[in-house]
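Student: The chain contents come next:
Protein chains: 2
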Amino acid sequence: MADTSWTSSAKSLKGVILDLCGVLYDSGEDGGIPIPGSIEAVKRLKASDLKLRFCTNETQASREKFVAKLQRMGFDISVCEVFSPAPAAVAVLKDRGMRPHLLVYDGLLSEFDSIDKTNPNCVVIGDAAEKFSYQNLNDAFRVLIGLEKPVLFSLGKGRYYKETDGLKLDVGPYMKALEYACDVEAEVIGKPSSAFFNSVLHDMGLQPHQVLMIGDDLVNDVGGAQHCGMKGLQVRTGKYRPSDEKHPSVTADGTVDDLAHAVGLILGERAGPL
Amino acid sequence: MADTSWTSSAKSLKGVILDLCGVLYDSGEDGGIPIPGSIEAVKRLKASDLKLRFCTNETQASREKFVAKLQRMGFDISVCEVFSPAPAAVAVLKDRGMRPHLLVYDGLLSEFDSIDKTNPNCVVIGDAAEKFSYQNLNDAFRVLIGLEKPVLFSLGKGRYYKETDGLKLDVGPYMKALEYACDVEAEVIGKPSSAFFNSVLHDMGLQPHQVLMIGDDLVNDVGGAQHCGMKGLQVRTGKYRPSDEKHPSVTADGTVDDLAHAVGLILGERAGPL
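From first to last, the protein sequence lines stand for chains B and S.
According to our numbering, the first sequence is numbered sequentially starting from 1.
According to our numbering, the second sequence is numbered sequentially starting from 1.
Derived by calculation from the structure, the hints in this document are not laboratory data.
A few of these clues could be false.
Claimed, not checked - Restricting the straight-line Cα-Cα distance to at most 27 Å, the calculated cross-link-like pairs of lysine-lysine (DSS-like) are: (1) S/K131 with S/K94; (2) S/K168 with B/K117; (3) S/K239 with B/K162; (4) B/K131 with S/K11; (5) B/K46 with B/K94; (6) B/K246 with S/K14; (7) B/K168 with S/K162; (8) S/K65 with B/K239; (9) B/K162 with B/K117; (10) B/K51 with B/K168; (11) B/K69 with B/K149; (12) S/K246 with B/K149; (13) S/K94 with S/K117; (14) S/K168 with B/K149; (15) S/K65 with S/K149; (16) S/K239 with B/K149; (17) B/K131 with S/K131; (18) S/K162 with B/K149; (19) B/K162 with S/K94; (20) S/K239 with B/K168.
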């Protein structure tokens, strides 16, 4: 039986953060397809008095491009509402005066146009997929091992994701490979990093206890948000697996079938008893 | 000043195990070149009353092929004296009735000719170099994650090695990638595994304290041998780095400039005072 005790806190909510892939849509080579009911659910949240932001570890396309893709699918979403690792990385690099060697998907390169990349003093890796060739990983390794103090930034640390043609390795395994090769620990930019979630909360002007995160990734979405003091709700779409509900270290505040059901429960609770 | 206190135990030695790459020769795209004095040093050991074996984590060519390469360089060496991970892996696979999905260098495939590879129930990875494409690593990942109980064998766990054109990622980083992706721990076959060293000792018919390991890799050669109860000597050739002499957890029983010097000291000590 579904545990709906989390809905009792819905009345005190001021904002909601949504993950994108696996919550709004399922990805695939064709660009992906909306999850039934999710377009309407986003509309309902936007029409409510709740603040809404989107928080993704998507790093295969620039923010502009994948927001345009979501708009074409029918979602009411704009670039300034979306938080993704690449713009956060650019801010960190500028702040610390670092010049990256990039190992990222071609579609993401434009995000780093404003950054000096000559004579690199750090490495940034994202979900590079087919670009994770031996040669490219070895090039990144050589840059890192040649630095007096190797600095490795990883855009997320997901293990794998699901596309229409099957499971695909995410950036995390390659982060581990470079960590081991160079005996360093990567700095993760993106979920589940607290710095990343806090930047979203800062933009919303809200405290953690006022915000609910909804995602399909138990560790990176739910666990990461909970670690920051938010509540975390898992949907049974995207990469959700039944074993998540018995996870040894992360327990979602609630688990619901999909975003449409989550939004229905939240808004229903806020409307109060009939 | 060189610490030569280890030579006091040379008189009680019954056998010596030599690493190959970085001790006998330096590898490179052209096949590699002998390290000065090493051909003569092997000859001197063979002419002595010490038992001699060779122990390598080489997994880019079959044992037959790289022994032939060493013979062409001028080394007195035969296949039955050489221990390498692939034949050890074949023995383990047969013993446990396992059918591998192989992610290894093309040159190594023939070692596995006698093994059934249909409907795989484990993954074996070696130093696959350019074959570590995203597609190939993802294929190995899909096999592993699809198994009820994923079993991953790694032929060694080296971080990187040096070729004439620079450093190259070894199998270890890719082992770490698959371990993280599938939340498993790989079984390492090859140095520094104790099972691997013990199989060499068994073949020699000697006890660990009677045998000295000589290698350029502080952790895998020296540390691995010491863990088995042997003494371990590091040569300052191959992948040796000065920082090895201040390593936090592994201290060689001795460090010498190269194999020729090591053999000179051992045989000189055994000959006794003039």
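Student: Next step is simple, just say for each hint if it's right about the structure.
Tutor: Verification of the hints:
no.: 1; hint: S/K131 with S/K94; verdict: 25 Å, holds
no.: 2; hint: S/K168 with B/K117; verdict: 23 Å, holds
no.: 3; hint: S/K239 with B/K162; verdict: 40 Å, violated
no.: 4; hint: B/K131 with S/K11; verdict: 55 Å, violated
no.: 5; hint: B/K46 with B/K94; verdict: 33 Å, violated
no.: 6; hint: B/K246 with S/K14; verdict: 56 Å, violated
no.: 7; hint: B/K168 with S/K162; verdict: 31 Å, violated
no.: 8; hint: S/K65 with B/K239; verdict: 46 Å, violated
no.: 9; hint: B/K162 with B/K117; verdict: 32 Å, violated
no.: 10; hint: B/K51 with B/K168; verdict: 33 Å, violated
no.: 11; hint: B/K69 with B/K149; verdict: 39 Å, violated
no.: 12; hint: S/K246 with B/K149; verdict: 18 Å, holds
no.: 13; hint: S/K94 with S/K117; verdict: 11 Å, holds
no.: 14; hint: S/K168 with B/K149; verdict: 19 Å, holds
no.: 15; hint: S/K65 with S/K149; verdict: 35 Å, violated
no.: 16; hint: S/K239 with B/K149; verdict: 20 Å, holds
no.: 17; hint: B/K131 with S/K131; verdict: 14 Å, holds
no.: 18; hint: S/K162 with B/K149; verdict: 20 Å, holds
no.: 19; hint: B/K162 with S/K94; verdict: 34 Å, violated
no.: 20; hint: S/K239 with B/K168; verdict: 34 Å, violated
Hint compliance for this structure: hints 3, 4, 5, 6, 7, 8, 9, 10, 11, 15, 19, 20 are not met, and every other hint is.
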